[in-house]
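*Asks:* These are the residues of each chain, in order.
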Amino acid sequence: MNIPDDLMYTQDHEWGKVEDSTLRVGITDYAQGELGDIVFVEFVETGTHITKGESFGTVESVKAVSEIYAPVSGTVVEINDALADTPELVNQDCYGDAWMVVIEMENPSEVNDLMDAQAYGEHLAAEAK
Amino acid sequence: MRTPLFEEHVALNARIVDFHGWEMPVWYTGIKDEHMATRTSVGLFDASHMGEIFVSGDGAVAFLENILTRDISSMKAGKVLYTFFLNETGGIIDDLTVYCITPSERYMLCVNASNIPHDLEWIQKQNLGDAVIEDKSPVTALLALQGPNAGDILKACLDFDLESIRYFTFSELNTPEYGDIIVSKTGYTGAGGAELFLPADKAASLWNSLVGAGATPCGLGARDTLRLEMGYPLHGNDIDEGTTPFEAGLSFAVDMDKPDFIGKKALAEQREKGLTRRLTGLELLDKGVPRQGYPCMKNETQVGIITSGSISPVTGGGIALAYLDVSVQDNEEIAVEIRSKHLRALVKKPPFVQGTISK
Chain A
1 MNIPDDLMYT QDHEWGKVED STLRVGITDY AQGELGDIVF VEFVETGTHI TKGESFGTVE
61 SVKAVSEIYA PVSGTVVEIN DALADTPELV NQDCYGDAWM VVIEMENPSE VNDLMDAQAY
121 GEHLAAEAK
Chain B
1 MRTPLFEEHV ALNARIVDFH GWEMPVWYTG IKDEHMATRT SVGLFDASHM GEIFVSGDGA
61 VAFLENILTR DISSMKAGKV LYTFFLNETG GIIDDLTVYC ITPSERYMLC VNASNIPHDL
121 EWIQKQNLGD AVIEDKSPVT ALLALQGPNA GDILKACLDF DLESIRYFTF SELNTPEYGD
181 IIVSKTGYTG AGGAELFLPA DKAASLWNSL VGAGATPCGL GARDTLRLEM GYPLHGNDID
241 EGTTPFEAGL SFAVDMDKPD FIGKKALAEQ REKGLTRRLT GLELLDKGVP RQGYPCMKNE
301 TQVGIITSGS ISPVTGGGIA LAYLDVSVQD NEEIAVEIRS KHLRALVKKP PFVQGTISK
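These protein sequence lines are chains A and B, in that order. Residues 1 to 129 in my numbering are what the first sequence spells out, letter by letter. Residues 1 to 359 in my numbering are what the second sequence spells out, letter by letter.
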């Protein structure tokens with residue numbers, strides 16, 4: 001299981017990467033593996049305000065529909081358009097080219113509520129029990 | 001419940017899911033890869049959860065004629081037919097295949113896993129005469145070897161020539177390694193190949209031999225997308241006790257010329273009155289994944305509902321089976337409502353892709 005050290009994580013298996021006042025967001029290696037072949041992704045539009053914990057999009061695999069939840073509150077300033085045509089990128093490079101959205105954070109201290117790599121690893125181990 | 005191949009699935013690192021009480025592999029490496037392996041080469045599926053019910057004895061034919069929708073008395077040894085158990089209102093209790101092992105003496109019924117207990121109870125209730133009913137499901141394994149290259153694998157592993165038998169017939173083999181095998185030229189993928197019934201205790205060894213010869217292990221996920229591309233119905237999704245074979249477009253498997261069978265009267269009445277809905281296919285014109293339960297809309301009015309849907313791994317587009325009002329025509333454009341958005345869809349009679357069945 002790949003859990004990069006430089007990212008922050010949610011219990012719902014999203015990752016966030018702090019870039020000044022913005023957070024780049026995607027789903028984790030564990031999440032893409034559980035979903036299987038991803039065939040469709042859809043996000044709210046750029047400019048949409050989202051609240052921490054609120055769904056900002058949908059990831060669909062052959063078998064399942066899954067919501068993705070905002071790790072922090074803020075405004076979506078960028079979405080990864082490439083995923084609409086190549087959703088399989090999420091399976092291939094979930095921490096890199098398959099980032100999903102960039103959120104301009106309303107309250108950057110919310111990042112402190114997210115898990116670091118070690119805590120997320122423990123969270124996964126606990127969920128597996 | 002587990003099939004005799006559970007340990008092989010675990011050894012292959014399969015993702016295991018619950019399927020109507022059965023711990024089954026949904027995929028090994030991925031649904032798309034397994035789907036494409038079956039379409040272009042050869043896939044191997046564990047279908048051992050399915051039921052095998054044997055019917056024999058003097059009353060076998062009369063009994064089967066009453067509970068099945070096909071003409072049983074004219075079946076020759078080695079013939080397979082797709083057929084139904086219907087209730088009195090013409091609803092589909094189960095869809096199944098019937099195998100004529102010895103004409104007028106011995107037949108095998110291959111039924112859906114989730115329906116085995118209900119089927120058995122219903123069958124036994126209809127048996128007023130002297131047919132002998134044996135459920136051999138627990139001691140029978142079923143491996144589906146599917147794909148254009150299935151013949152090569154069968155030749156290599158069983159020294160059997162698949163070209164020697166026709167589509168929807170079977171051969172009985174007696175092998176030293178695997179015991180008695182029924183090799184049936186049938187399947188649920190449209191990719192061609194065979195289904196192999198054999199003793200449960202020999203299943204793992206034949207499975208490993210077929211995988212060793214190059215067959216790709218495939219899970220229930222690929223089984224579902226493959227059958228959907230061909231428009232084959234799944235009992236519990238597309239057909240059930242509330243739908244008739246006529247509504248489902250499966251009249252080819254109902255012989256209305258037979259003197260009688262359970263459900264015939266209701267079907268005759270339905271034919272007289274005309275249908276109000278029919279099961280057909282949808283191809284999404286916009287990007288999206290149609291799924292069971294999504295409404296089908298025309299001019300803001302609901303005209304149907306999706307019963308099975310997914311992405312076609314071959315075309316990359318959304319495909320579905322849906323019950324639509326009979327006023328909706330093939331090749332008409334309607335909409336599918338997905339999370340309150342309306343996506344364009346073309347009504348199209350399946351199959352959605354070209355199969356590779358050698359008949």
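FYI, nobody ran anything at the bench for these hints, they're computed from the structure. Worth double-checking, as some hints may not be accurate.
[What the hints assert, rightly or not] Below are the SDA-like pairs computed for lysine to any residue, each with C-alpha atoms no more than 25 Å apart in a straight line:
| # | chain 1 | residue 1 | chain 2 | residue 2 |
| --- | --- | --- | --- | --- |
| 1 | A | Lys63 | B | Gly30 |
| 2 | B | Lys287 | A | Gly33 |
| 3 | B | Lys287 | A | Ala64 |
| 4 | B | Lys287 | A | Lys129 |
| 5 | B | Lys341 | A | Gly33 |
| 6 | A | Lys17 | B | Val314 |
| 7 | B | Lys287 | A | Leu89 |
| 8 | B | Lys341 | A | Glu88 |
| 9 | A | Lys63 | B | Asp240 |
| 10 | A | Lys129 | B | Arg2 |
| 11 | A | Lys17 | B | Asp240 |
| 12 | A | Lys63 | B | Ser327 |
| 13 | B | Lys349 | B | Ser327 |
| 14 | A | Lys17 | B | Ser327 |
| 15 | A | Lys63 | B | Val353 |
| 16 | A | Lys129 | B | Lys349 |
| 17 | B | Lys341 | A | Lys129 |
*Asks:* Check the structure against each numbered hint from earlier and tell me which ones fail, lowest number first.
*Replies:* 4, 5, 6, 11, 12, 14, 16, 17
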